[in-house]
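Student: Here is how the chains run, residue by residue.
There are 2 protein chains.
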Amino acid sequence: MNTTDTSDTDDTIETSSETTTERERRCGASTETTADGGTASASSTTSADETQSRCESSPSSGVESSTSSYSGSSCGASKREATDEKVGSTADDFDADPGSLTAVGLGPGQPEGMTERARAALLEAEHIVGYTTYIDLLPDDSGDPNVYALSGLALEIIESKGATAETLDFEVVPGVPAAQSCGARLGAPLVNDTVSVSLSDHLTPMDEIESRLHAVAGEGFTISIYNPWSRKRRENFRKCCEILLEYRDPDTPVGIVHGAGREDERSEIVDLGDLEELGETDLIDMTTTILVGNEETYVWDNRMVTPRGYESKYEY
Amino acid sequence: MNTTDTSDTDDTIETSSETTTERERRCGASTETTADGGTASASSTTSADETQSRCESSPSSGVESSTSSYSGSSCGASKREATDEKVGSTADDFDADPGSLTAVGLGPGQPEGMTERARAALLEAEHIVGYTTYIDLLPDDSGDPNVYALSGLALEIIESKGATAETLDFEVVPGVPAAQSCGARLGAPLVNDTVSVSLSDHLTPMDEIESRLHAVAGEGFTISIYNPWSRKRRENFRKCCEILLEYRDPDTPVGIVHGAGREDERSEIVDLGDLEELGETDLIDMTTTILVGNEETYVWDNRMVTPRGYESKYEY
Numbered sequence: 001m002n003t004t005d006t007s008d009t010d011d012t013i014e015t016s017s018e019t020t021t022e023r024e025r026r027c028g029a030s031t032e033t034t035a036d037g038g039t040a041s042a043s044s045t046t047s048a049d050e051t052q053s054r055c056e057s058s059p060s061s062g063v064e065s066s067t068s069s070y071s072g073s074s075c076g077a078s079k080r081e082a083t084d085e086k087v088g089s090t091a092d093d094f095d096a097d098p099g100s101l102t103a104v105g106l107g108p109g110q111p112e113g114m115t116e117r118a119r120a121a122l123l124e125a126e127h128i129v130g131y132t133t134y135i136d137l138l139p140d141d142s143g144d145p146n147v148y149a150l151s152g153l154a155l156e157i158i159e160s161k162g163a164t165a166e167t168l169d170f171e172v173v174p175g176v177p178a179a180q181s182c183g184a185r186l187g188a189p190l191v192n193d194t195v196s197v198s199l200s201d202h203l204t205p206m207d208e209i210e211s212r213l214h215a216v217a218g219e220g221f222t223i224s225i226y227n228p229w230s231r232k233r234r235e236n237f238r239k240c241c242e243i244l245l246e247y248r249d250p251d252t253p254v255g256i257v258h259g260a261g262r263e264d265e266r267s268e269i270v271d272l273g274d275l276e277e278l279g280e281t282d283l284i285d286m287t288t289t290i291l292v293g294n295e296e297t298y299v300w301d302n303r304m305v306t307p308r309g310y311e312s313k314y315e316y
Numbered sequence: 001m002n003t004t005d006t007s008d009t010d011d012t013i014e015t016s017s018e019t020t021t022e023r024e025r026r027c028g029a030s031t032e033t034t035a036d037g038g039t040a041s042a043s044s045t046t047s048a049d050e051t052q053s054r055c056e057s058s059p060s061s062g063v064e065s066s067t068s069s070y071s072g073s074s075c076g077a078s079k080r081e082a083t084d085e086k087v088g089s090t091a092d093d094f095d096a097d098p099g100s101l102t103a104v105g106l107g108p109g110q111p112e113g114m115t116e117r118a119r120a121a122l123l124e125a126e127h128i129v130g131y132t133t134y135i136d137l138l139p140d141d142s143g144d145p146n147v148y149a150l151s152g153l154a155l156e157i158i159e160s161k162g163a164t165a166e167t168l169d170f171e172v173v174p175g176v177p178a179a180q181s182c183g184a185r186l187g188a189p190l191v192n193d194t195v196s197v198s199l200s201d202h203l204t205p206m207d208e209i210e211s212r213l214h215a216v217a218g219e220g221f222t223i224s225i226y227n228p229w230s231r232k233r234r235e236n237f238r239k240c241c242e243i244l245l246e247y248r249d250p251d252t253p254v255g256i257v258h259g260a261g262r263e264d265e266r267s268e269i270v271d272l273g274d275l276e277e278l279g280e281t282d283l284i285d286m287t288t289t290i291l292v293g294n295e296e297t298y299v300w301d302n303r304m305v306t307p308r309g310y311e312s313k314y315e316y
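Protein chains in written order, with the working numbering: chain A, 1 to 316; chain B, 1 to 316.
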């Protein structure tokens, strides 16, 4: 976001995990560090000259150590509660040539799961901006910047500052979403019409989430559940299981992938009727993605399979 | 699928586009060559010795020229109408060591949109199996093997032949789905809860598709529409537009991406009220993915943005 950054260089360039709290306080999305949501990372490239003058407080320009805050005060994502912090810079205050901003999807959790385009964008970037958690994991983490992630927020902030996406050269590099990377680990659970729902009520009211679950659970959609469980959201998870069981058999296969692509990755396929009680185990937390089968989904040879319907037309 | 292939080598190894019709006749999914559906490619690797003996009819083992049919007679996906064709081989007929089968997602439409893992899997493969259309495009095409694609069919066929996914070493390499690659081209349209629906009634009855559209159109989901239009399915598209307009304003933003990653790629952002008439233009066909915004989606600076809800909590 350094294209709208002219004055508060010291405040904007953050390079250590010590600044996480500050960043979270201002950007406020710390409770949204989900399988996809947090893995989207923004990188910005500028000309060398321009960067030099603005980023001298950065101890290094390498990918791992040079991070500029996505949400620094000059960028302007302040929590409404942080009333003592003044956020005023706009595009009009900016007197250098505009650079470019790229929202990069990092892929499904292994270095080799990143696309070559994403890797190239990171290597070209003068600064890598993102949640410290994910910066630290580079290149070991995952996601698509359009799935519960920051590409939308980036555009909203650019707009709010009076810049335009075209003058800034804003670009989104897609990645493999958590739903698909977890689906691949489980077999072929998402082959047909599918839906993804986040159980986080941080930004969406719980009654809307419930309404969406009611709407889709009675249809043939497979359902990917993001942000399934946190200590503050036990009730959301319980309610979700209850709604699903209103429409689907207790023996409906459910795939659970915890920490996809991380050292503590674990996968299990369980019955829908057993899902709720697993919320209290360490299998299900904010790094978990849950894939709920439809009425045709079955488990075979430890794989979860949702038929596309070929069996109704072809013999094999 | 060559691990279940012991006898019909000549029939199984297909290397030219001349065999497209034959392959389509037997696998029958030719009308499903969609943005994601067809882009999933299966590759199989076997030990060199084993391959040598079984694949001698293959003129080359290179990626571009060595293709073995996903749906050869020994693989067994025969159309029910093709009654004169006998498909009988099972795992019991197979007397060599099993190999491995990997369903590879090729990414969002450019060579650099493929993950490194996908590229490595293709380079390691002794045979690349897939729709000729997509084999010819390698490495220029796209998708995830779990999104209206072949990973499920592969498992179903493996099962039907009496083999197991574990003895075969079946693996799925995820890719970037068309919805996300098209979303990236349009800005940030899919940031919140989202659903994907295929309008193809080849494998799903149209009344189920309509029911799903009704269920989700009244909720806050963004909707990715796959297989939106073909000459035989004008009515499906018309009906879909009609249902969406029952629930959403005519000025709801709709992103249309035709031929993502191909030479004839085109993107447009239109109003929902204007969508139906575009079905009769060459912007919308089976290579097109359509992203329908929710009630909060807006267009800014030629980008489609669906707010995640940060604006309700933070100032920027």
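It is worth saying that the hints were derived from the structure and are not from the lab.
Please read these numbers as outputs of a predicted model, since none were measured by experiment.
It is possible that some hints are incorrect.
Any copy, or any two copies together, can satisfy a pair, since identical chains are not distinguished.
[What the hints assert, rightly or not] Result set (EDC-like, lysine to aspartate or glutamate): computed pairs, CA atoms no more than 20 Å apart in a straight line: (1) K232 / D282; (2) K232 / E295; (3) K313 / D207; (4) K313 / E268.
Student: Could you work out which earlier hints the structure fails to respect and list their numbers in ascending sequence?
Tutor: Of the numbered hints, 2 and 4 do not hold.
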